[in-house]
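Asks: Below, each chain spelled out in residue letters.
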Amino acid sequence: MTITADTLLDLCDAAVKTALERGASAAEAYAEYADTLTANLEQNDMKAVTSATHAGIGVRVFVGDKLGFATANKLDDITIGTAIDEAILVAKASPADAANALLEPAPLPTVDGLYDPAVAAATADDVAALAMRLLAAARKDPRVSIDTGSVGTAVGHGAIVSSAGVRASASETSFGAGLFGMAIDGDEVGSFDHVDKTHRTLAAADPEALGADFAARVLGQLGPKDGPTYQGPVLFTADAFAEIFLGTVLGALDGDTVFKGKSKLADKRGETISNVPLHLVDDGTVAGAVGSGAFDREGQPHRPLVLLDEGKVGAFMYDGKSALRAGAQSTGHASGGATSLPSAGLTNLSLRAGDMPEADMRKAAGIEVGRFSGNVDAISGDFSGVAKCSYALDEAGNRTHALKETLIAGNVYTLLHSIIGLGDTQVIKSTYRGPPALIDQVTVTGRAG
Amino acid sequence: MFDLLEKYIHDDAWLELRVHDRQTRSFFAEDGLLDGAKLRRHGGIGVRALVDGAFGFASTSDLTPAGIEAAIRRAKDCARAAAKQRKTRIELPPAAAWKNGSFVTDAHDPVSARGVDEKVDMVLRAQAAVSAASERISSSSARYVELVDEKWIMTSDGARVHLRDVKPEFRVGAVAKDGTLMQTAVEAEGKTGGFGDLFRRRSMDDMVQKAAKTAVDLLHAPSIEGGHNTVILAPDVVGLLVHEAIGHTVEADFVLSGSAAAGKIGHKVASDLVTLCDSGHSEYEPGAGGIVQIDDEGVPTERTVIIEDGVLKSYLHNRESAAHFGVAPTGNARAFEYDDEPLIRMRNTYIEPGQTPLEQMIADTPDGFLLASAKNGQADANAEFMFAVGEIYPIKNGKLGPLHKGGTITGDAFDVLKSVDMLGDAFRWDLGSGYCGKGQPAKVDAGGPHVRCQVSLSSQGG
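So the sequences go chain by chain: A and B. Heads up, the first sequence stops at 449 in this note's numbering, and the numbers go up one at a time, no gaps. Heads up, the second sequence stops at 911 in this note's numbering, and the numbers go up one at a time, no gaps.
If you are wondering where the hints come from, they were derived from the structure by calculation, not from laboratory data. Misleading hints may appear alongside valid ones.
Here are the computed lysine to aspartate or glutamate pairs in the DMTMM-like style, where the Cα-Cα straight-line distance is at most 20 Å [claimed, not checked]:
1) 225(A) with 188(A)
2) 312(A) with 358(A)
3) 312(A) with 360(A)
4) 848(B) with 813(B)
5) 225(A) with 861(B)
6) 887(B) with 267(A)
7) 887(B) with 196(A)
8) 536(B) with 188(A)
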């Protein structure tokens with residue numbers, strides 16, 4: 001049987017009908033199917049090419065206010081019937097919760113650029129050849145060692161039907177590439193790093209650029225020296241700033257976290273939380289973007305959401321359940337697939353750039369942090385860990401040497417009031433784009449003193 | 450199932466056929482609400498083929514003859530595509546010393562004997578108990594997950610194995626709040642077996658009370674001053690050290706990429722006190738969370754001595770890397786589910802216990818810290834590591850002080866092992882909950898005795 005989005009819609013229609021016949025008062029079925037082709041690199045060579053078909057159906061059934069969920073990876077009638085019976089069993093064993101309810105359908109936006117026939121037509125030979133281009137680009141300098149890497153394509157279809165009237169389907173493609181490894185120079189083994197990039201289309205793929213970026217990152221980590229000890233300005237790359245600072249803030253803007261009393265921003269709607277006008281938007285309707293689609297995991301329309309509005313707390317993210325608990329509306333942020341219950345998640349995140357040239361940021365910072373290997377307490381915002389892929393900077397802003405065993409620490413919510421500036425250019429990743437950040441009062445502990 | 454697979458195994462290509470059926474049941478309660486109750490079935494076949502000197506892999510959930518035949522064709526096509534690009538040719542490794550048959554891991558008070566309603570009730574009661582433990586608890590949670598697996602593995606060169614295994618885990622979390630101060634604590638257990646194995650060492654109530662008390666005590670606990678210190682690592686932190694900082698560097702695929710352990714077999718990499726192993730079995734204490742009787746290439750697992758009396762003795766191998774190094778495979782090839790290709794992964798990683806009671810270790814430490822409650826950690830190719838710990842207790846003049854806020858420890862893994870100067874006499878597996886990540890998850894465990902050594906320590910939050 002050839003699986004298409006329409007096939008999945010029919011399966012979901014039948015599953016919802018069966019669930020209602022077997023005792024559910026309401027039901028939703030979410031089905032997906034994907035074909036993937038991946039060429040895997042290992043130890044500077046081609047390792048293997050893999051091909052997979054992924055199928056799945058997840059059934060939410062409601063028995064009054066009680067919810068049960070079961071999922072299976074086969075799409076035949078018997079398997080789906082068993083999943084429905086199991087979901088009903090779970091529902092009957094679960095306590096009632098007024099937030100267990102389906103959402104009404106809403107008009108969906110049109111989002112273009114999600115399906116590329118060239119990706120769908122790619123063969124095993126094609127992905128293998130692209131993987132070797134990536135490898136060659138990364139290893140122009142033979143000191144670069146690729147531990148693992150991959151290039152892959154995915155062609156997927158998804159559908160959702162609910163007894164409340166939601167009915168939607170979509171087809172999409174993606175192309176991804178990544179590398180993990182380090183530089184080795186004689187007896188010296190440098191710090192590892194990784195890069196990855198995902199696109200919707202084959203035309204956007206640039207293995208040469210990705211490979212070159214990886215090589216520059218790992219070669220820069222050779223010859224590390226102990227770092228300084230001070231409390232003061234640190235330059236965080238776009239990745240590091242997003243990981244430590246935005247990751248913490250986004251967790252606190254999750255409607256479920258707010259409802260459960262674990263968010264430091266719960267009672268801060270409209271209040272300023274940073275000394276610069278951070279403007280952070282999540283938008284699942286951007287044409288051709290990796291995180292885009294017309295609808296979320298509950299079939300609700302994606303839409304732009306201003307999370308931080310000129311430095312003030314903007315909106316909280318809600319899926320259906322967290323919205324009902326908060327007495328709010330879903331923001332179209334239910335994420336997940338056939339194997340998971342819906343929960344709030346991001347689509348395409350964008351932090352507006354500032355106005356500080358990167359050269360000026362480097363002159364003002366003692367160190368530059370490329371990546372963070374440590375712990376961030378999601379609730380308090382305390383963080384400490386090792387500055388990875390990082391450099392000491394001189395007064396002219398030049399990188400003097402890579403850092404080793406240098407710790408950084410602080411509190412996210414405190415340091416958001418110590419931002420000296422945001423870079424004037426956004427760095428574009430797969431589902432995030434944003435600038436680097438220069439932040440004061442960061443605690444840096446290195447062994448150089 | 451073997452009768453079905455037998456029809457396809459005699460091919461012109463070497464084939465590895467792995468049928469894996471997994472049932473996952475997970476239940477999560479938070480703040481009086483059941484927030485996730487899920488039954489998941491995920492089953493199918495993964496096919497590896499060796500053609501023209503390269504591997505190809507294909508998977509499908511379709512176990513009809515047409516589905517299996519299509520997967521085999523795709524695996525061979527993938528292998529041919531890989532072969533066109535490979536610089537070197539892979540030769541079929543020597544056959545392992547197969548131990549064919551049916552293997553079922555022990556389970557005391559099997560999870561199958563309790564229904565969905567009991568498991569729902571368990572998480573609701575546990576999180577309610579955390580909440581009731583103190584008026585300072587602002588949020589409480591409990592999670593129970595069980596992985597129930599059945600596998601059939603057959604290879605063209607003689608492996609023929611059937612396996613059944615269950616891995617349950619249980620976790621409780623507490624968030625304590627006082628004004629604007631908030632602190633969290635988590636207690637978790639992950640084992641192989643049944644409820645009797647999961648709660649053998651600690652009852653659910655023990656975990657509930659510990660999580661609540663720790664979160665509340667951390668609210669006003671002071672922070673330590675950072676620096677390079679003598680520390681006594683609790684078994685869960687030892688587990689994180691041996692898994693993250695050492696274990697990954699000795700996985701043979703990472704060695705071949707140039708990890709810090711490359712070229713070091715026979716070298717002194719730790720103090721004489723240290724013997725460090727990775728095992729598919731559960732030495733010293735039953736029910737470790739990473740038990741693997743036969744790996745996913747059909748190779749019987751063993752206790753692999755990685756470091757013996759301070760000397761590096763072995764890497765962790767699959768069949769291909771073992772052939773490259775001229776040694777026998779160690780049974781470390783693991784795939785999380787049917788649609789994952791087997792990779793070299795750890796199982797149960799540990800340091801052998803010593804002779805010294807913990808009380809004596811503390812009494813013999815003039816100035817240092819006891820570190821417990823391992824959080825996340827990460828290690829680098831150059832053996833530099835970073836771990837977070839949730840609980841720090843200062844030791845002054847041989848006396849243990851009160852709880853302090855957690856922090857981060859860093860160092861070079863092999864330097865830390867060389868600084869080990871005392872080992873406790875009591876052993877514990879304590880890292881069985883959660884998953885190791887390396888492109889795909891894996892259930893592992895790790896542990897050991899209390900270990901005294903030197904590390905760099907900094908407080909959380911600066």
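Asks: Decide, hint by hint, whether the structure agrees.
Replies: Right, here's what the structure says about each hint:
1. A threshold of 20 Å between alpha carbons decides the hint, and for residue 225(A) with residue 188(A) the separation of about 13 Å falls inside it, so the pair holds.
2. The suggested pairing of residue 312(A) with residue 358(A) is violated, with an alpha-carbon distance near 25 Å, which exceeds 20 Å.
3. Between the alpha carbons of residue 312(A) and residue 360(A) the distance comes to roughly 26 Å, so the proposed pair goes past 20 Å and is violated.
4. Between residue 848(B) and residue 813(B), the direct Cα distance comes to roughly 9 Å. Compliance with the 20 Å bound is thereby established for this hinted pair.
5. Taking the CA atoms of residue 225(A) and residue 861(B), the gap is about 14 Å. The hint holds against a cut of 20 Å.
6. As the CA atoms of residue 887(B) and residue 267(A) are separated by approximately 39 Å, the hinted pair breaks the 20 Å bound.
7. Of the supplied pair hints, the one linking residue 887(B) and residue 196(A) holds, its CA atoms being roughly 15 Å apart against a limit of 20 Å.
8. The hinted pair formed by residue 536(B) and residue 188(A) fails the criterion: a straight-line CA distance of about 25 Å is larger than 20 Å.
Violated hints for the displayed structure, listed by number in ascending order: 2, 3, 6 and 8.
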